[in-house]
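S.K.: Listed in order, the protein sequences are those of chains A and B.
For the first sequence, the residue numbers in my numbering are 4 to 362.
For the second sequence, the residue numbers in my numbering are 4 to 275.
Source of the hints: derived by calculation from the structure; they are not laboratory data.
Just so you know, even glycine gets a beta-carbon here, dropped at the ideal spot from N, CA and C.
Take the hints with a grain of salt, since some may be wrong.
Here are the simulated DSS-like pairs of lysine-lysine, each with C-alpha atoms no more than 27 angstroms apart in a straight line [said to hold, decoys possible]:
1) A:Lys134 <-> B:Lys262
2) A:Lys77 <-> B:Lys104
3) A:Lys155 <-> A:Lys123
If you want the ones that stay clear, here's a sample from chain B, every Cβ over 10 angstroms from chain A, calculated [stated by the list, open to error]:
4) Leu17
5) Phe24
6) Ser114
7) Ala170
8) Met173
9) Ser232
10) Ile255
One-letter residues, chain by chain:
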Amino acid sequence: MAEVILKNVSKIYEGKNKAVDSFNLHIKDEEFVVLVGPSGCGKTTTLRMIAGLEDITEGEILIDGKVVNDVPPKDRDIAMVFQNYALYPHMTVFENLSFGLMLRKFSKNEIDERVNYAAKILGIEHLLDRKPKQLSGGQRQRVAVGRAIVRKPKVFLFDEPLSNLDAKLRVQMRTELARLHQQLKTTVIYVTHDQTEAMTLGNRIVVMKDGLIQQVDTPLNLYNNPANQFVAGFIGSPAMNFIDGKIVKDDNLKFITANKSLSINLNENFDKFQNKEVVLGIRPEHFYEDENQETKLNITIEVIEQMGNEVFIHFKIDEKNVIARLSPKEKYSTGKSIKLSFDSNKLFLFEKETGIRIR
Amino acid sequence: MYKIKKIIIITIALVVAVLTFLPFLWMISASFMATGEANKFPPSLFPNKIDFSHYQILFSRLNLTRYLINSIIISLGATFFSLSLNSMGGYAFAKFRFQNKNKLFKFLLSSMIIPGQVTMLPVFLLLKNLGLINTYWAIIVPGMASIFGIFLIRQYALSIPDSLIEAAKMDGATEFQIYYKIILPLCKPILVTLGLFTFMGTWNDFLWPLIVMTDANMYTLPVALANLSSEHVQDTELLMAGSLITILPVLIVFLALQKYYIKGIMLGSVKE
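Isolated chain A (complex conformation) (with noise of 0.2 angstroms):
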């Protein structure tokens, strides 16, 4: 049970750039953080940091209020789970979940006994007689997940932990990783390039790229107000649509682009931004057909992906390819034009250079 705070934390490799560049969060007692982005963005680097399994170049950070940055990894009283588990090959499930408690040098009762108690959360008592390899991923997994348990430390590191194991089982263990965070109720860092354990695991999600941190938030709002470009084109999926134009003024202001086959009115708030060049965000769940709307655009169907419960149809504007996320209809087919519409009110607006978001 424990905050974890990261002041102005940076990571240097020799004679590269900065993995990481100053971080900076204050991390809630019993709180579950996710770190999320591309891959090089820096969340697995700031991740062993906090671990300890890599040295800080700069900045400071403090677990329970006391700093680590020179603390060896075995002190710092965190347990972390591996990306491919890293269970011990020649140790029992028993003993690898026991190891770090014998190294700790507990009684044999109070080994048996917190053994005994991981394993059943897990459902996993059956398999404490078998090695590693003798086990599913889904199993391993759960050893894994185990090991860091019986320790019962004050933070959990996740290292994403899921991206071994195939679709179903994955969003099986996402569930039961936050049924454990509910149970145990211990700080817990999650790295993972996957939006969608981000949105469903995190109470908050630290959007990383580059090494920086674009936006922190809970999840319903990251996807609600994203901060820049990046974060908007991030959180969701299918991810949001983006359409490059201008910003022009003749009779009154819009949104226009290129070719004009969009062009979008707006108010005389973004006087400032008259003839910029930003670009239009606007997610596939917001489009619908309607045929009595003021924003009408007349799109041809170049592709449509049946899911069963809604129907993604890809389409173009100003060439750009765009995908509408609509409830499922049989009419719909390759090469058919049909007439869609959008709640201008959930449209975002970036500009284009510096991906900023304005609207």
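With chain A held as given, fit chain B onto it using these hints.
M.R.: Below, chain B alone, put in the same frame as chain A:
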């Protein structure tokens, strides 16, 4: 057609196997023959009457027990130290981060081209100045760490994922505990291989023990056997009995560990 080919191959293999095995068989057989029987013409393949007298002579009059004990102590000692030091060195070169690691390793590797005979004299003088001549250490110390051993362990240890070591660190293991409880058990196949190489090499070595052991009490089996052959040049049966005792322990060790040994040699050749 395929069947005929198979039969031919098996026949050839059998002939080669028998030819290879024959001298070995005759060595065993001759060691049990009465004095002079092995030199008869035409030679007989099996003894007329099993005769243990040569073994009795070896162990009573010729002091073979002492040489056997020398050989065992030296070979086990060299194997023990070689395994401990080479595994530490190999593990360090595989997994530790330190300055000029690869340069140092390449330098060590390049020294493998120097033949052992070249260094014999300087090593002898060194040991002499240390006062180790005519002690077990004279043979054990020069074999304690070898570049080849370090190389072998390093290549194997490279295949151990870093995350295992990191997981052990998080679990609270010290550096030595990681080495002892994680790395060593995982390196078992390669350790058995290296152990066999070292044990057999030390056991069978003739030249070096001959140089550093001038006191007859400190002879190893091969040296003692060579002495025997010059003194008892006519006594073929006695020599054969001595030879059998010399190779028997190595043979037993090899056969007992063969399973792991083959595993070790095959490593890296096939990706599982």
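S.K.: Compare the structure with each hint and give your call.
M.R.: How the hints compare with the structure:
no.: 1; hint: A:Lys134 <-> B:Lys262; in the structure: 21 angstroms, holds
no.: 2; hint: A:Lys77 <-> B:Lys104; in the structure: 26 angstroms, holds
no.: 3; hint: A:Lys155 <-> A:Lys123; in the structure: 15 angstroms, holds
no.: 4; hint: Leu17; in the structure: 39 angstroms, holds
no.: 5; hint: Phe24; in the structure: 38 angstroms, holds
no.: 6; hint: Ser114; in the structure: 29 angstroms, holds
no.: 7; hint: Ala170; in the structure: 4 angstroms, violated
no.: 8; hint: Met173; in the structure: 5 angstroms, violated
no.: 9; hint: Ser232; in the structure: 47 angstroms, holds
no.: 10; hint: Ile255; in the structure: 26 angstroms, holds
Hint compliance for this structure: hints 7 and 8 are not met, and every other hint is.
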